[in-house]
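Trainee: Sequence:
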Amino acid sequence: MSFIKTSFFSGIGTAVSLVLKLITNKVMAVYLSTDGMFLLGQLKDFLKISNVINHAGTLNGTISYTARYKDDPKELKRIWGTGFIIHAGCSILLMLVVTIFSKSFSNYLFGTGQYSTIVAALGISMVAISMHLLIMSVLNGLKRIKLYISIHIMAAIISSVIVVLLILEYGIEGALLSFAIGQVISLLISAGALLMVKPFAFKHFISGFDKTAFQQLLKYSVMALAGPLCLVAATFFVRSFLAAEFDRQHAGSWEGMWRLSAMYLLFLTTTFKFYLIPTFSELQGESLKKEVFKVWRFIVPVVIGIAITLYLLRDWVINLFLDKDFYLIGTLIGFHLLGDIIKINSWVLGNILIAKAKTKVFVVFQVEWALVFSLLTWLLCGYYGFVGVSMAYFGAYIVHFVLMNLYFRRLIWANKTA
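Using this note's numbering, you'd call the opening residue of the sequence shown number 64 and step up by one each time.
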């Protein structure tokens with residue numbers, strides 16, 4: 064399936080997700096305000112790390128090898144069976160750690176132990192989300208895009224209804240608990256849908272452990288762990304720094320800006336998930352170079368157009384999708400949107416590193432971005448005030464994109480067998 068066709072189908076699912084996210088974010092903004100958004104940001108970062116640990120970062124490996132061996136049932140059984148054991152073992156271990164130490168996690172994340180029961184519920188649900196992610200990575204690798212999108216839409220609709228109802232009834236506690244319930248619902252839907260897929264059968268998940276497949280999947284683990292760890296470390300530092308340097312309203316407003324950005328970028332990142340890794344894993348040399356430029360020619364005008372529109376309508380967008388309490392976003396949005404334009408182009412190159420299992424290089428670039436973003440935030444906020452955090456975001460991605468282009472000038476353009 065071509066990039067345009069993949070974009071079309073993923074765009075349908077993303078449009079539904081975007082509308083639902085806009086609704087739930089509006090409810091969160093109105094009923095939880097900036098302080099509640101701050102707490103949800105803490106939980107979001109915790110779940111990002113958890114959702115990598117509970118499958119040892121092997122999802123992209125499952126996608127890549129499923130795409131590579133899609134016509135070889137024997138190889139698929141090796142990959143899927145080993146993947147299931149990895150997911151089950153890691154998620155059960157994580158569940159035990161989170162539930163046993165739920166009060167400590169609550170104190171660390173929220174500054175109080177009163178949410179320990181909710182943290183324990185999240186721990187239990189981590190087994191469900193681990194299995195769901197395994198199923199979705201199999202569908203992605205098999206390029207069953209329509210089924211993937213259908214599962215995503217169904218899970219998103221049901222989860223969003225639950226989020227809204229729980230927030231209206233229980234406030235911040237309901238919002239936090241909805242994450243756990245949503246993860247269980249996602250598994251129920253994806254497991255049922257997988258029965259429709261050939262050559263898959265659930266017995267493939269219990270086909271045993273294969274040492275070679277384990278080593279193949281682990282090539283992707285370090286990359287999958289490095290990305291979220293660096294992102295979470297940087298955003299956690301920045302959010303805490305803003306709360307200490309200014310107050311929670313500023314930190315919550317920055318979190319709101321981050322959420323707005325993530326919502327509109329969904330149209331492209333979802334397509335990346337479906338298309339880039341499976342496609343890049345099959346291409347080499349000049350054909351890979353052509354594919355990169357084809358993707359860039361499509362996404363650059365799209366991102367620029369969206370960014371300009373959001374900037375011109377910024378006051379209306381903030382009031383419509385968040386709340387008047389988030390007026391500080393108006394200070395951030397200009398530089399943040401510029402950063403998004405650079406970021407989305409950097410991600411195209413980053414997906415080559417993932418597809419080709421260039422582990423060391425990928426980790427170096429992730430650490431580089433996190434350090435530059437954190438350092439620039441500290442420096443620029445001290446000099447320019449609150450707007451410094453969005454200036455830092457823009458600056459960090461300029462540095463990141465320039466360094467990646469320098470690296471890929473050798474990898475793709477000079478060395479055509481890379």
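Hints may contain errors.
[Stated by the list, open to error] With a Cα cut of at most 35 angstroms, we get these calculated DSBU-like pairs of lysine-lysine: (1) K133 with K352; (2) K352 with K89; (3) K166 with K419; (4) K137 with K282; (5) K137 with K387; (6) K209 with K421; (7) K111 with K419; (8) K89 with K282; (9) K419 with K336; (10) K419 with K133; (11) K282 with K421; (12) K166 with K111.
[As the list claims (entries may be wrong)] If you anchor each label on the Cβ, the simulated ranges turn out as follows: (13) V247 with K274: 40 to 50 angstroms; (14) I461 with I371: 14 to 24 angstroms; (15) V365 with K274: 37 to 47 angstroms.
I should point out that these hints are in silico values taken from the structure, not numbers from a laboratory.
No residue lacks a Cβ here, since even glycine has one placed at the ideal position from N, Cα and C.
Trainee: Decide if the proposed pair is consistent with the structure: K137 and K282, CA atoms, cutoff 35 angstroms inclusive.
Mentor: Measuring from Cα to Cα gives roughly 21 angstroms; hence the hint holds.
Trainee: Checking one constraint from the list: CA of K137 to CA of K387, max 35 angstroms. Satisfied?
Mentor: Measuring from Cα to Cα gives roughly 57 angstroms; hence the hint is violated.
Trainee: With a cut-off of 35 angstroms on the C-alpha distance, tell me whether K209 and K421 pass.
Mentor: 30 angstroms, holds
Trainee: Holds or violated: are the alpha carbons of K352 and K89 at most 35 angstroms from each other?
Mentor: 41 angstroms, violated
Trainee: Tell me if the beta carbons of V247 and K274 are separated by a distance inside 40 to 50 angstroms.
Mentor: Violated, since V247 and K274 (Cβ atoms, about 32 angstroms apart) do not stay within the stated range.
Trainee: Quick one, are K166 and K111 close enough, alpha carbons at most 35 angstroms?
Mentor: The given pair, whose Cα atoms are some 19 angstroms apart, holds under the 35 angstroms limit.
Trainee: If you draw a straight line from the CA of K419 to the CA of K336, is it 35 angstroms or shorter?
Mentor: 15 angstroms, holds
Trainee: For the pair supplied as a hint, K166 and K419, confirm whether the alpha-carbon distance does not exceed 35 angstroms.
Mentor: Violated: K166 and K419 sit about 41 angstroms apart, past 35 angstroms.
Trainee: Hint check: K89 vs K282, CA-CA at most 35 angstroms. Holds or violated?
Mentor: Violated, because 40 angstroms separates the two Cα atoms, which is more than 35 angstroms.
Trainee: What's the verdict on K133 and K352, does the C-alpha distance respect the 35 angstroms limit or exceed it?
Mentor: Status holds; Cα separation ~24 angstroms.
Trainee: Hint check: K282 vs K421, CA-CA at most 35 angstroms. Holds or violated?
Mentor: Given pair K282, K421 holds - Cα atoms ~9 angstroms apart, limit 35 angstroms.
Trainee: Does the structure keep K419 and K133 at a Cα separation of 35 angstroms or less?
Mentor: 18 angstroms, holds
In summary, the structure is inconsistent with hints 2, 3, 5, 8 and 13 from the numbered list given earlier, while agreeing with the others.
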